[in-house]
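Here the protein sequences come in this chain order: A and B.
Every number in this note's numbering is 21 more than the matching position in the first sequence, counting from 1.
Every number in this note's numbering is 17 more than the matching position in the second sequence, counting from 1.
Among the hints, erroneous ones may be present.
As the list claims (entries may be wrong) - Estimated spans, in silico, between C-beta atoms of each pair:
#1 B:Gly60 / A:Ala33: 39 to 49 Å
#2 B:Ser325 / A:Val114: 51 to 61 Å
#3 B:Pro219 / A:Gln98: 49 to 59 Å
#4 B:Val133 / A:Leu52: 16 to 26 Å
Stated by the list, open to error - Restricting the straight-line Cα-Cα distance to at most 25 Å, the calculated cross-link-like pairs of lysine-lysine (DSS-like) are:
#5 B:Lys242 / A:Lys113
#6 B:Lys105 / B:Lys189
#7 B:Lys452 / B:Lys405
#8 A:Lys31 / B:Lys96
#9 B:Lys232 / A:Lys113
#10 A:Lys113 / B:Lys490
#11 B:Lys461 / B:Lys189
#12 B:Lys189 / A:Lys30
#13 A:Lys31 / B:Lys105
#14 B:Lys461 / B:Lys428
#15 B:Lys105 / A:Lys113
#16 A:Lys30 / B:Lys405
In case anyone wonders, no lab produced these hints; they're calculated from the structure.
Computed from a prediction, not measured in an experiment: that's the story for all the values here.
Just so it is clear, CB atoms sit at the ideal spot from N, CA and C, and this is done for glycine as well.
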Amino acid sequence: MPLDHADVKKIAHLARLDLSDERMGGIATDLTNILELVEQLSAVDTEGVVPMAHPLQMAQRLRSDEVTETNCRELFQSIAPQTENGLYLVPKVIE
Amino acid sequence: MQWETVIGLEIHVQLATQSKIFSGASTAYGAAPNTQACNVDLGMPGVLPVLNQEAVRMAVKFGVAIGAQVAPRSVFARKNYFYPDLPKGYQISQMELPIVGTGALTIELENGESKVVGITRAHLEEDAGKSLHEDFHGMTGIDLNRAGTPLLEIVSEPDMRSAAEAVAYAKKIHALVRYIEICDGNMAEGSFRCDANVSVRPMGQKELGTRAELKNLNSFRFLEKAINLEVERQIDIIESGGRVVQETRLYDADRHETRSMRSKEEANDYRYFPDPDLLPVELDDAFIEEIKQTLPELPDEKRQRFESDYALSLQDAAVLTASRELADYYEAVVAAAQSDPKIAANWVLGELAAALNRDAVDISNSPVTAKLLAGLLQRIADQTISGKIAKQVFEAMWQGEGDADAVIEAKGLKQITDSSAIEKMVDEVVSNNPKQAEQYRSGKEKLFGFFVGQVMKQTRGKANPQQVNELLKKRLAQD
Numbered sequence: 022m023p024l025d026h027a028d029v030k031k032i033a034h035l036a037r038l039d040l041s042d043e044r045m046g047g048i049a050t051d052l053t054n055i056l057e058l059v060e061q062l063s064a065v066d067t068e069g070v071v072p073m074a075h076p077l078q079m080a081q082r083l084r085s086d087e088v089t090e091t092n093c094r095e096l097f098q099s100i101a102p103q104t105e106n107g108l109y110l111v112p113k114v115i116e
Numbered sequence: 018m019q020w021e022t023v024i025g026l027e028i029h030v031q032l033a034t035q036s037k038i039f040s041g042a043s044t045a046y047g048a049a050p051n052t053q054a055c056n057v058d059l060g061m062p063g064v065l066p067v068l069n070q071e072a073v074r075m076a077v078k079f080g081v082a083i084g085a086q087v088a089p090r091s092v093f094a095r096k097n098y099f100y101p102d103l104p105k106g107y108q109i110s111q112m113e114l115p116i117v118g119t120g121a122l123t124i125e126l127e128n129g130e131s132k133v134v135g136i137t138r139a140h141l142e143e144d145a146g147k148s149l150h151e152d153f154h155g156m157t158g159i160d161l162n163r164a165g166t167p168l169l170e171i172v173s174e175p176d177m178r179s180a181a182e183a184v185a186y187a188k189k190i191h192a193l194v195r196y197i198e199i200c201d202g203n204m205a206e207g208s209f210r211c212d213a214n215v216s217v218r219p220m221g222q223k224e225l226g227t228r229a230e231l232k233n234l235n236s237f238r239f240l241e242k243a244i245n246l247e248v249e250r251q252i253d254i255i256e257s258g259g260r261v262v263q264e265t266r267l268y269d270a271d272r273h274e275t276r277s278m279r280s281k282e283e284a285n286d287y288r289y290f291p292d293p294d295l296l297p298v299e300l301d302d303a304f305i306e307e308i309k310q311t312l313p314e315l316p317d318e319k320r321q322r323f324e325s326d327y328a329l330s331l332q333d334a335a336v337l338t339a340s341r342e343l344a345d346y347y348e349a350v351v352a353a354a355q356s357d358p359k360i361a362a363n364w365v366l367g368e369l370a371a372a373l374n375r376d377a378v379d380i381s382n383s384p385v386t387a388k389l390l391a392g393l394l395q396r397i398a399d400q401t402i403s404g405k406i407a408k409q410v411f412e413a414m415w416q417g418e419g420d421a422d423a424v425i426e427a428k429g430l431k432q433i434t435d436s437s438a439i440e441k442m443v444d445e446v447v448s449n450n451p452k453q454a455e456q457y458r459s460g461k462e463k464l465f466g467f468f469v470g471q472v473m474k475q476t477r478g479k480a481n482p483q484q485v486n487e488l489l490k491k492r493l494a495q496d
């Protein structure tokens, strides 16, 4: 399944990656090669095989419902570009 | 053209755990911004989510309560999108293998009929943070305290055909999650949120019309209004030759309109994939069975028991069992007063409900406790006071003037049941009003009420009404 410029552009936008037009062609080729490699798996008969959700053959461990974290706001906000009244400030998002 | 409305609901139920679904940060409401957001909630590099056992138990509890298949194996997936209140750039949710499978819920409609609404699935996920759009020098403020709070998203089949049905279903889910104590149900604080998928189609057509998803419906009233508004909008569009676009629309209660959320249009490509940080959740039958044993009596069972044990109408039983607190209160009254369950129901749904509503008091804080109301009902049953005087006593008890006996004593409200005393007053009233007595006897029977009124006036309402009626009839038949 070869990817064209438009596909790459869309994927890049969804991932919020800013790709220059010059790089677009190379990346389209690279991604197409990866997809072709993976596509070889289609040749395998997977009838009756349960899709794997995780490479480890284990089940999720559960933790008990206890509050174990303390307030570390100051520490976290010391590396934030901008804060005010305890809030993180980000460029305006308009609904 | 006749149109049919088709509605499906997605309800987000905030699970009442102490800590978050994947971290040990507190979920308590109302804390100072970002004081309950730890490195896992913030999506710091290198952190790993660890699943909260209580969130799993609560989801399973819901599953067994609606008779659904609880998945022996469920998988968490990443739902990818960018928004500042979602620090990781993905929400951990469940896609292909949700924890709760197909189930159903029966709702009661206004016409007395009931209807089964299918539940497609319910899955666990984490909540996002909050964006505050007030002006921070042209920027948006982000509070991540809510990020990582456990949610159970309950998805219904498109089985509802009117806003009223959608509200009945939402209320039923609301009652259920509070009964089984997995959610506090507080809609104002966002613990219980509804999104509605609404479409219309010509009556009789099989395939569904294009739907719009309505968001921001944070009360049952808004849910109803927004759906009705949206149905009108869609019919108008189609009838004037247009086409409904599939989109997300936000309900604005102040302006009473829905408007398109264009910002979400392009983003509907979430590229779900299994979250490599979390292993599949495996639950054995013993675990599920153990949770089943902890289920309390559910609203439907309770309603049926109220109908049969207390001989209540379906309507009364449904209202009384809508919340566990109200049902418990009612049963406490009946047990303590050993009174007629129907009279107790009338008082709880009448005077008490009106007073709670008027003063915006929650049943658990009612100044008239079940014991106090039971005391009042006993005094009606043993004819110490009439039902009419009892309303006065109730009001006094509501104002904190003591129990029924104290109020009756203090205000001298004891009913007069002494026949000879009543007879004397009847005698007086009839003698003092010869003209009316004459008219009554010559066929103007309406005047009977006048005489009753006069006697009651003399006794300030305290005379036993049945006795007054009997003695008056007897007296007026003479001469």
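Each hint tested on the structure:
1. Checked against the hint of 39 to 49 Å, the C-beta distance between B:Gly60 and A:Ala33 comes to roughly 21 Å, which is inconsistent with it.
2. In this structure the hint that B:Ser325 and A:Val114 lie 51 to 61 Å apart at CB holds, the actual value being about 55 Å.
3. With their beta carbons about 56 Å apart, B:Pro219 and A:Gln98 fall inside the hinted range of 49 to 59 Å.
4. The beta-carbon spacing between B:Val133 and A:Leu52, approximately 48 Å, falls outside the hinted interval of 16 to 26 Å.
5. The suggested pairing of B:Lys242 with A:Lys113 is violated, with an alpha-carbon distance near 30 Å, which exceeds 25 Å.
6. In summary, the hint linking B:Lys105 to B:Lys189 is not supported, as the alpha carbons are separated by about 34 Å, beyond the 25 Å threshold.
7. Between B:Lys452 and B:Lys405, the direct Cα distance comes to roughly 29 Å. Violation of the 25 Å bound is thereby established for this hinted pair.
8. For the hint pairing A:Lys31 with B:Lys96, the CA-to-CA distance comes to about 17 Å; that is within 25 Å, so the pair holds.
9. For the hint pairing B:Lys232 with A:Lys113, the CA-to-CA distance comes to about 21 Å; that is within 25 Å, so the pair holds.
10. For the proposed pair A:Lys113 and B:Lys490, the alpha carbon gap of about 81 Å is over 25 Å, so the pair is violated.
11. The straight-line distance between the Cα atoms of B:Lys461 and B:Lys189 is roughly 53 Å, outside the 25 Å bound, and the hint therefore fails.
12. Using a Cα cut-off of 25 Å, the hinted pair B:Lys189 and A:Lys30 is violated, with the two alpha carbons roughly 46 Å apart.
13. Taking the CA atoms of A:Lys31 and B:Lys105, the gap is near 20 Å; set against the 25 Å cutoff, the hint holds.
14. Between B:Lys461 and B:Lys428, the direct Cα distance comes to roughly 37 Å. Violation of the 25 Å bound is thereby established for this hinted pair.
15. With a C-alpha separation of about 19 Å, the suggested pairing of B:Lys105 with A:Lys113 holds against the 25 Å cut-off.
16. Restraint check for A:Lys30 and B:Lys405: the C-alpha separation of about 77 Å exceeds 25 Å, so the hint is violated.
In this structure, the hints that do not hold are numbers 1, 4, 5, 6, 7, 10, 11, 12, 14, 16, in rising order.
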